[in-house]
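Got chain A; can you put chain B on it based on the hints?
Spelled out, the chains give:
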Amino acid sequence: MALTTKHLLGIKDLTQEDIQLILSTATQFKEVLQRPVKKVPTLRDVTIVNLFYENSTRTRISFELAEKRLSADVVNFTVSNSSAAKGETLLDTVNNILSMKVDMVVMRHSASGAPHYLAKHIDAAIINAGDGINEHPTQALLDAFSMQEKLGQLAGLKVAIIGDIMHSRVALSNIYLLKKMGAEVMVSGPPTLIPTYLQEAMDIKVEYNIDKALAWCDVANVLRIQLERQNQPLFSSLREYNMAYGITKQRLDKLSKDIVIMHPGPINRGVEIDSDVADSAHSIILDQVENGVAVRMSCLYLLTGRTNPA
Amino acid sequence: MTLISEQQLPSIIKRLAHQILETYPGLTNAVIVGLQPRGIFLSDRIVAALHQELPADQVVYGKLDITFYRDDIRRELHLATQTDLPFSIEGKTVILIDDVLFTGRTIRAALDALLAFGRPSKVSLCVLVDRKPSRELPIQPDFTGKEMIDASPYKVKVRWKENDGVDDVILLVD
Numbered sequence: 001m002a003l004t005t006k007h008l009l010g011i012k013d014l015t016q017e018d019i020q021l022i023l024s025t026a027t028q029f030k031e032v033l034q035r036p037v038k039k040v041p042t043l044r045d046v047t048i049v050n051l052f053y054e055n056s057t058r059t060r061i062s063f064e065l066a067e068k069r070l071s072a073d074v075v076n077f078t079v080s081n082s083s084a085a086k087g088e089t090l091l092d093t094v095n096n097i098l099s100m101k102v103d104m105v106v107m108r109h110s111a112s113g114a115p116h117y118l119a120k121h122i123d124a125a126i127i128n129a130g131d132g133i134n135e136h137p138t139q140a141l142l143d144a145f146s147m148q149e150k151l152g153q154l155a156g157l158k159v160a161i162i163g164d165i166m167h168s169r170v171a172l173s174n175i176y177l178l179k180k181m182g183a184e185v186m187v188s189g190p191p192t193l194i195p196t197y198l199q200e201a202m203d204i205k206v207e208y209n210i211d212k213a214l215a216w217c218d219v220a221n222v223l224r225i226q227l228e229r230q231n232q233p234l235f236s237s238l239r240e241y242n243m244a245y246g247i248t249k250q251r252l253d254k255l256s257k258d259i260v261i262m263h264p265g266p267i268n269r270g271v272e273i274d275s276d277v278a279d280s281a282h283s284i285i286l287d288q289v290e291n292g293v294a295v296r297m298s299c300l301y302l303l304t305g306r307t308n309p310a
Numbered sequence: 311m312t313l314i315s316e317q318q319l320p321s322i323i324k325r326l327a328h329q330i331l332e333t334y335p336g337l338t339n340a341v342i343v344g345l346q347p348r349g350i351f352l353s354d355r356i357v358a359a360l361h362q363e364l365p366a367d368q369v370v371y372g373k374l375d376i377t378f379y380r381d382d383i384r385r386e387l388h389l390a391t392q393t394d395l396p397f398s399i400e401g402k403t404v405i406l407i408d409d410v411l412f413t414g415r416t417i418r419a420a421l422d423a424l425l426a427f428g429r430p431s432k433v434s435l436c437v438l439v440d441r442k443p444s445r446e447l448p449i450q451p452d453f454t455g456k457e458m459i460d461a462s463p464y465k466v467k468v469r470w471k472e473n474d475g476v477d478d479v480i481l482l483v484d
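Protein chains in written order, with the working numbering: chain A, 1 to 310; chain B, 311 to 484.
Bound conformation, chain A alone (with noise of 0.2 Å):
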């Protein structure tokens, strides 16, 4: 049994099986990061190379630290230093890269579609790493598998994504997970936020009504504001925000029951989210964080296995 796709460009083009492939074999590799020694030989004579096209940290550092963890060579690209900054195209870099003997490519991108564009053109397997507005598939990977690992199974569970939708790709790759593997899926946020065709286009629930979203599922999935994304003010200030939208301990604290709080990071405390409700006990943050790399790991190892013999 394999991936049935060379490359991890969207968890749209993933089938549950794969899904369920991945989520196991990071189990095992998390367990070898509780090792004394935690790193394994696995992916050794592999090359792997992080292009970042976007600003990251705790994705670029999940990334390498899991091929590290592999044994891999990697080599890390940021724009900024780049020839990119003198106007090189994307496939140009990428062909000089890979003239250098590269397998595999990490590529964060701002252009929805990039990754996809680039494998279209190279043999290398490529993993996206987030792409514009599209998809953060390994983000809604480790978050499938933290809400497993909390809760036990994804089918049946009841998922509110709450904040910034529109500009949101791991609200979009989280929704394409959820719903293959079975998952109730809600969204929660401003009206300005939240595209009008996703409820019929992805046959999801839709909310306004924040207390009513957290009082409906088991797991709040809290987004980032993406003020970077915003060409125009979509709602009238961050404090307002907070008000209307913001999961603070009040609003939790009115819930029958307890809700496990997510959030893929960076947390803008006082936002979206207050201080005391992502320090809290409910709040599995850092876990995801830490199972990030065993996420990656897994892809990583699963995505090398499918190329061909050398």
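Warning: the hint list may mix true and false statements.
Claimed, not checked - Chain A stretches covered by chain B per the calculated footprint, using a threshold of three residues with CB under 8 Å from any CB of chain B:
no., stretch
1, 29-36
2, 156-168
3, 174-188
Said to hold, decoys possible - Some residues of chain B that are not near chain A, with every Cβ distance over 10 Å (derived):
no., residue
4, V370
5, D375
6, L447
7, D460
8, W470
Unchecked claim - Computed cross-link-like contacts, EDC-like style, restricted to lysine to aspartate or glutamate with a CA-CA straight-line distance of at most 20 Å:
no., chain 1, residue 1, chain 2, residue 2
9, A, K39, B, E332
10, B, K456, B, D422
11, A, K6, B, E386
It is worth saying that the hints were derived from the structure and are not from the lab.
All C-beta atoms in this analysis are idealised placements derived from N, C-alpha and C, irrespective of residue type, glycine included.
Same frame as chain A, but now just chain B:
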């Protein structure tokens, strides 16, 4: 063709358990580690036989998956199974258990994997079937259920009741 019959298997397992005890009396400072996935069936049986002879707390037993230490990821993708070693192997004698010793590559990987958990003072190897003429690495077992003298063109298949419905070892045309 049958290599070990259902009638022979229990005696062989009992003998292996006794040989282990003879070499490591009371299993003092020794631990048992079965290799995933198929070595586990044999190690489960040997551990059950050891429990007949020793108090339960003297038999320390774990399971090791060596998938991430293989040297053939680009030839064939293997799926990992659970590793469960909830004890330290530092300074201990580790008795590795697997069903068939063939090329020796699995045991090579297992030795690497084991070192990620600490530095054992000694590692010994117990197998049900030793396909000695097919070895590709200088690795030999310390406890052997049955040794195959000739290089065989057949595949050795160990079958277990709990997994395959029957207890025996047969030779299959590959």
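So, going through the hints one by one against the coordinates:
no.: 1; hint: 29-36; verdict: holds (count 5)
no.: 2; hint: 156-168; verdict: violated (count 0)
no.: 3; hint: 174-188; verdict: violated (count 0)
no.: 4; hint: V370; verdict: holds, 17 Å
no.: 5; hint: D375; verdict: violated, 7 Å
no.: 6; hint: L447; verdict: holds, 16 Å
no.: 7; hint: D460; verdict: holds, 31 Å
no.: 8; hint: W470; verdict: holds, 22 Å
no.: 9; hint: A:K39 - B:E332; verdict: violated, 36 Å
no.: 10; hint: B:K456 - B:D422; verdict: violated, 26 Å
no.: 11; hint: A:K6 - B:E386; verdict: holds, 15 Å
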